[in-house]
Amino acid sequence: MRQSKLRSVVSAGIVYLFVVWCIAPLVWLVSTSLKSDVDAFSATPVWIFVPHFENYVSAWVDGGMGRAMLISAAVGTISSVLGIVAGFPLAYLTTQVWPTESRASGRLTLGILLLTITPPVLSLTPFYRTFFTIGLTGTPVGLTIVHTFYATLLAVLIFRSFLVSFPREIREAAMIDGLGEWRTLTMTVLPNVWGAMFATFVLALIQSWNEFLYALILTNGDSSTVPVTISGFLSFFGTNWARLTAAGVIGVLPIVVFAILVRDHMARGLSFGGVK
Amino acid sequence: MPDQLASPPTAARAAAPRASAPAIPRWKRRGVRDRIARATLLLPAAAVLVPLLAIIVVQGAILVTHGENLSRPGSEKRFLGWGNFVRAFADPTLLGSIRVTVIYVIVGVGIEMLIGVGIALLLNGRVPGKGVIRALVLIPMVLTPVVAGLMWRLLLDPTSGFINYLLGVLGLGNEHAFLSSTMTALPTVIMVEIWQNTPFVIIIVLAGLESLDQSPLEAAQIDGASRWQTLRHVTLPMLSPVITVVLLLRIIDAVKTFALINTMTQGGPGTSTLAISSYVYRTGFQTFDIGYSTTLGLIVSVAMVILLFPTAGRLMGLGGRKAAS
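Quick mapping for you: the protein sequence lines, in order, are chains A and B.
Heads up: the first sequence is residues 1 to 276, going by our numbering.
Heads up: the second sequence is residues 277 to 601, going by our numbering.
Isolated chain A, as found in the complex:
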């Protein structure tokens, strides 16, 4: 009995240590964002200080974080919604209309998987070259198109993982009742997979918000997203770390709060059905 007690104390201790390792850097991030610029760059840590909220004002107004948040929110929301609209019917087709074991279904899904595995560096220059020619660089529009592409792939894989185990008889009954494919899709299948839709939305939104590579080449200046704007705070001539960290806190806050609120929906979506 005593041994098992010791064991659970030790294992709890290891877990708490791990949590500290995860969180301590973030505490430092937040505390730096509240310091004066001198204290933020001091060689010995300043433990006690008067909070300087003007770093936040400066990041929001002069640093353009307010505008960046708006752009990231718009790009993320639009691309996630479009991805769901595009991906859900395809997942329905490959699991409910065609049996999952059928050749057509397997091939289509493999195609989607192939695109998911392909690193984005393959399409970086073709997208840039084309979007530059038609005037979509330096605006959030081109980036939204690219993010919709990735949101669609995500949506197909997540919806598919939920719909694989969904009984096909329900669709067949609806079809016999004379509902067409589209009404069956929206009226009988969709109400059963709200969880998948929510998980897709959450993950696509986080993916878009955090995405840096395409955002860096397709947006600039007034069209910069949150990560691009924050990375722009780095300067060769002495970075203002207090303001940079304030921008960082502003930029991650919505996504962190959102993720914590909806965490139960994430695990299954994250593993594409690897966890039931």
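Wrong hints could be hidden among the right ones.
Some chain A residues judged to face chain B by a derived CB distance under 8 Å, without partners named [claimed, not checked]:
id: 1; residue: S42
id: 2; residue: A43
id: 3; residue: V46
id: 4; residue: V81
id: 5; residue: V85
id: 6; residue: G87
id: 7; residue: L110
id: 8; residue: P119
id: 9; residue: T125
id: 10; residue: T130
id: 11; residue: I170
id: 12; residue: E181
id: 13; residue: I260
id: 14; residue: R268
id: 15; residue: L270
Stretch-level coverage of chain B by chain A, calculated; a stretch enters the list once three of its residues show a Cβ under 8 Å from a Cβ in chain A [claimed, not checked]:
id: 16; segment: 521-533
id: 17; segment: 571-584
Simulated from the structure, these hints should not be mistaken for laboratory data.
Nothing here was measured: the structure is a model prediction, and the numbers come from that model.
Beta carbons: idealized from backbone N, C-alpha and C, even for Gly.
Got chain A sorted already, so can you dock chain B onto it with the hints?
Below, chain B without anything else, positioned relative to chain A:
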């Protein structure tokens, strides 16, 4: 056929007087309309994917065969044929960046898996405050990588970084420039990768553990198996499908790494942390050699797909025997 509107089955029978099998004509009559309806299910996804795929294929084919440099107008007309590929296969920087990426993925993902599975197993037992822990552990994973990279850069700063202060207090010297030495830059970047992505492993493995069938575990306990034996011979084998999926997803993601490296070291010092994505970005958008940059992207992507696609397809229950689930 206005007189037959009210009753379609009659219409079918009228069309085929020997109505021994009315089901066949009905099926056929529905067939065309059905096929059109099914085709429309493809349309939304096709509208998103096809134009962009066309851009990748057509524009990509032009770029890899030409020596276009964005800083030299007219260079887009310089046809090279296989020239870019010949150059790539003799390029020591490409080899170096593949080496950096392979080390990054094997060491980073390997340690993430070990720590992640370990912590998930501990969290599956009785730990006070589990709900709060699960919420807190989630944060590094969803944190914008650019912010994670800059935060660690601040922490690791040689003059004002907290890590150096801590090491100084412990008497280990307080002026380590971890990110600007070719010896320590890559291990340091890998450490941040581990910090950020271990939670992903924990969250999925924990969800997998919680959905395991409990009866084999109870049976093992009744049979007098020790904790270690149960873990080794019952829990881990049952968990292996989940672990494989997590491992694969982490590898796919880690190969694409860009934001962490770009904010912490930009691939430097020298090329010591220049992973593939950073090299392609540097070639295309800092030296503007976008024809060559596309070629590098293509070579890397083909290699990646050849290495991972067969396993990924099998794990998704596709293109092979279907995994029993």
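Results of checking the hints against the structure:
1. S42: Hint holds; S42 of chain A Cβ to chain B Cβ min 6 Å, cut 8 Å.
2. A43: 5 Å, holds
3. V46: The hint is violated - V46 of chain A has no Cβ within 8 Å of chain B, the shortest such distance being about 10 Å.
4. V81: Status violated, d = 12 Å.
5. V85: With a minimum Cβ separation of about 6 Å from chain B (threshold 8 Å), the hint on V85 of chain A holds.
6. G87: 6 Å, holds
7. L110: 5 Å, holds
8. P119: OK, holds: P119 of chain A within 8 Å of chain B, min 5 Å.
9. T125: At 4 Å from the nearest chain B Cβ, T125 of chain A passes the 8 Å test, so the hint holds.
10. T130: For T130 of chain A, the interface hint holds, since the closest Cβ of chain B sits about 5 Å away, which is under 8 Å.
11. I170: 16 Å, violated
12. E181: This hint holds: E181 of chain A lies near chain B, its Cβ roughly 4 Å from the closest one there, short of 8 Å.
13. I260: 5 Å, holds
14. R268: Hint on R268 of chain A: holds, closest Cβ of chain B at ~7 Å, below 8 Å.
15. L270: 6 Å, holds
16. 521-533: Since three or more residues must qualify, the claim that chain A covers the segment 521-533 of chain B holds, with 6 doing so at under 8 Å.
17. 571-584: As far as the segment 571-584 of chain B goes, the hint holds, because 8 residues have Cβ atoms under 8 Å from chain A.
Going through the hint list in order, the structure does not satisfy hints 3, 4, 11.
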